[in-house]
Every structure is written in C-alpha cells, then in structure tokens.
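Engineer: Those protein sequences? They're chains A and B, same order as listed.
In this text, residue positions in the first sequence follow this note's numbering: the first is 1, and each later residue adds one.
In this text, residue positions in the second sequence follow this note's numbering: the first is 206, and each later residue adds one.
One should not assume that every hint holds.
Claimed, not checked - Covered by chain A, according to a simulated footprint, are these stretches of chain B (three or more residues, beta-carbon under 8 Å):
no., region
1, 318 to 330
2, 353 to 367
3, 511 to 523
Claimed, not checked - Below, simulated EDC-like cross-link-like pairs (lysine to aspartate or glutamate); rule was C-alpha separation at most 16 Å, straight line:
no., chain 1, residue 1, chain 2, residue 2
4, B, K263, B, E279
5, B, K521, A, D177
6, B, K348, A, D177
Said to hold, decoys possible - Non-contacting residues of chain B with respect to chain A, defined by C-beta distances greater than 10 Å in every case (computed):
no., residue
7, M251
8, N258
9, V339
It should be emphasised that the hints constitute simulated quantities derived from the structure, not laboratory data.
Note that beta-carbon positions come from the ideal geometry of N, C-alpha and C, so glycine has one too.
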Amino acid sequence: MNFLTGVFYFFSAILLFSGFRVITTRNPVHAALFLVLAFFSASGIWLTLEAEFLAISLVLVYVGAVMVLFLFVVMMLDINLDRLREGFWSYLPLAAFVAIMMVIEMSLVVGSRTFGLSIVPAPLPHPAGYSNTRELGRLLYTDYVYPFELAAVVLLVAIVAAIALTMRRRKNTRYQDPALQVRVKRSQRVRLVSMPAEKTSTPES
Amino acid sequence: MTYLQTMFGVYWPLVFSLAGIVAIVLPLMIGVAYLTYAERKIIGYMQVRIGPNRVGFKGLLQPIADAVKLLMKEIVIPSGANKFLFVLAPVLTIAPALAAWAVIPFSPRLVLANVDAGLLYIMAITSMGVYGVVIAGWASNSKYAFLGSLRSAAQIVSYEIAMGFALVGVLMAAHSLNLIDIVNGQNGGILHWYWLPLFPMFMVYLIAGVAETNRAPFDVAEGESEIVAGFHVEYSGMAFAVFFLAEYANMILISALTAIMFLGGWNPLFDMVPFNWIPGFVWLMLKIGFVLFLFLWFRATFPRYRYDQIMRLGWKVFIPVTLVWLLVVGAVMQTPLAFLVH
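All chains, please: the whole structure from these sequences, using the hints.
Structural biologist: Here's what the structure looks like:
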C-alpha cells in the first residue's frame, strides 16, 4: 500500500463516517457541519484523482457558499425532533423499499462492470505544465458547448423562478431610495426657528 | 542543503514543507502583533493622540504585553454553550487565514506550493473563514453573539461574490490561475500593473476586502453601540485572542492578494535603475504595507455604514460594476486593442 492509497482510505473513512453522522446526529446544526466535513473529504478524494479544479470548485461552491446558507437557515429553525420522528415506524416499510431499490439500481450502474479498472483505467500521471483547468475549459467550450450552455440556461431559469416565487409585493411596503437619501439638503431636514429669548424672571430675594 | 537532504532521507520533503510553513507563519504572527501596534499608533496620530507609549521604547513592547495578558486570562465557557463548537470556532476562523498563505508567492521562485489553480485555491480557502463566525455565534448561546454572526455571515457571503468576479477579471487578463504567472503578466513599471486596465475591479476588490474582513466602516458585525461586540462577545482570554489574530491575519492576507493581483507583486514601481536595485521582496512588502495603511486610514476616517446600505453596495453596485467590466475586458480582448488588458 503506497502513500496515495493511505490518503484515499483516510479521506474515505472520514467521508463515510461524516455521511453516516449527517443522518444519525440529533442536532440539525451538527448534521449540517458533518455534511460540510463530508464535502471536504470528497474534495480530498478528487484531489488524489488529479482533478484539482473540480476538487477546489467543490469546496468553493458547496462548502463556501451553499452550506453557509444552509447552516444559516438551520441555525434559526427551532426543530422539534420528537415531532419529526413521530411517524418513523409507519413509514419504515415504504422507506426501506425505496432505499433497497436505490441500492440495487446504483450497484447495477456503479459496479465494476462499468467503472472497473479495465474500463476506466487509473489516470496517467501528467507531464509538468499540464493544466487541468485549461483542459476542462477547452473541453467545456468546444466539445460540450451545447450541453454546457443548456445547463447554464436551466440554472438561470431556476434562479428566475426562485425569485419570482418568493417575491411578494405588498401594498403598504415602504421602500427607500438611496439616491434621494444621498441628495438630501439640510433645508429639507432641518427647520431653523427663531425663538425670541424669554425674559428671565429675577428671583425675589 | 544537500547535506540536510541526505540527513533526513525520505522525510526531506516533509521536513522542507514544515520548515517553509514555520518560515511563513512565524513572521506573519509577528506582523499581526505589530499591525495592532501600528494601528493604535497611526490612528492615534490621525486623531491627534500619542497612542501606546509606556511599555518599552515608544511603546514597542505593547503587543507583547497584550499577548501575555490575554494568555493569562481565564477562558469562560458560558453555561448552555455547545462546548465543542465553542472551542472549535476560533480554530476554524484562523485556520483559513493561515492556510491561504501556502500559495502566496514572495518572489518568482519563493513560494511554498506553486499550485496551478492557486487563485481558485485562495477563493475556496478564504470562503471557509465564515464558518468560524457562524459557529461562534451559534455555539455561544447568546442573542448578541447570534445577531452579530448573522450580520457578519450575510455580509461576508455577499461581498465574496463581488470579490470573486473582480478576481475573474484578473485571471482573464493574466490567462492563468497561477499566482506567479499573474505577477509575471504585470512585469514592468506601475503602468503595466492590472490596477490600470482593471481599475473598477481594483476599487471593488479593495473595498470588498475591507467589508470581507469586517473592518470599519463595514464593521457592523461587532457594532459596539448596538450588539456590544458581535459574534465574539462571549469569548475571553486566548479564545478571543485567536479571533483577534484571525482578523488581522486576514487583513494582511487581503493586502498581500491586492498587491499580487493588482499592484504588480514584486515588480518595482518604475522599471529604472535606482528602483531596480531594491529587491522584489522589499517591493512586495512595501505594497502590502501600503494597502494595510489604507485599511487603518479608512478606519480613522469613515463613519460606520448603515446595514441596508452595506447590502445595497455589495449587491446593487459592486456586482453589476464587475459584471459590466468583465464584458468590457472580454470584448477588448477580441479586438486589436487586446494589448491594453495584456
């Protein structure tokens, strides 16, 4: 077992452990943090495959952006775990059926027949100066440009739809116009009033 | 060198990397300590005060005294706090601030890890700094800390987008994600550096960098007058000191990145004889020092932004500005004027 294999097993062990803890831990914030750890170890495994662009993008997108917002929401929720677990036993048979079906389907697809070493060989070590990022960019914008643009449009539609679904205009909402706020003059805010000084009453002594 | 190599045998790469890490982190920590001193002195003089002048000559030992004081203090863990996450949060804040230095080049050859996707690595690592803030606020089990962490997290996530787009402009101009290649793309005097063709992005990066590190005038995360000290209100002693260290280490990191991306890294101010004699490392340090001075200057000059205006600046001003300039850079690169953006 060489060093790289050791690294692989190290990250895999952490990945499996954190993935397991995501669904078993009782605290939702802990679950979100274990998911972050899972993403991080997955990115480590991708690094051993010399896919450094994908590995770093995984950390950048999922750890740096998606999970932060996730954590943000989960932190503010007051989740009652007992109520969530109420129907556990009645749902179990259906859930178990779905889970078993998924395991069977995945083992059919991701088996050694389709992803074995003879079909997908280990990546050859690249010469110095080989840029994974450059290669990926070239492939995405030449050979796969239509699927790539299609995916981009689908994402754009999702963004627009998300905004359209959540945007509500109420009649009495009050908006601020920062341009007006910046342009404001003193005369619009402060009124100088000339008040005649009151006569001081001399204390009687 | 060869003697050392034979002495450590197969462990030489490990020993070499560890020595490199120590050689970066140790000066960085001293830099952080004296940045706090410089901040107090500079802001002091700007406000016609003297600043610390009691401990040591002209107060030069003040940071050491502060560090010793913080080390001696008790770390109070609030009742009801999540102990593990409470202790983990400062570590998660400082680790990215230090880890990002692995790919920062100090000269054309002096870099700990010459990573091809260095810029991407920097963006990924610095985007993880927000976890420390979020977890600190949540684990403290305190309303002030929680509000501070929410404000801070929202602010950091918003400004990261503008910063990322500004860096996309840099990588378009340099045709590379490697930080050494980026500096080599700016070889020459001040007119060859990227701040000129990418001026809007330079401004966005500089201002977003201030917001990203939660420094004044964007320091609503700690807003003393409203939420006491924000996310680290429950921290004391060394745990607080680690947050403090991380903030200043992040400032130095952002300054170094600004110097490398937009201010020509180790290139001299003018490519002429008296400037050429000064080694590149000194130029890089001078540029980092200049940007750090700007940070302190901002703090002494501007009043704190209102929170909704911070969000407006990030989303409605900076992101459109960078997007428009990305289009401009991309369009210019297709014309015979491409030499303007290199």
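Engineer: To test your reading of the hints: which numbers does this structure violate?
Structural biologist: Violated hints: 4, 6, 9; rest satisfied.
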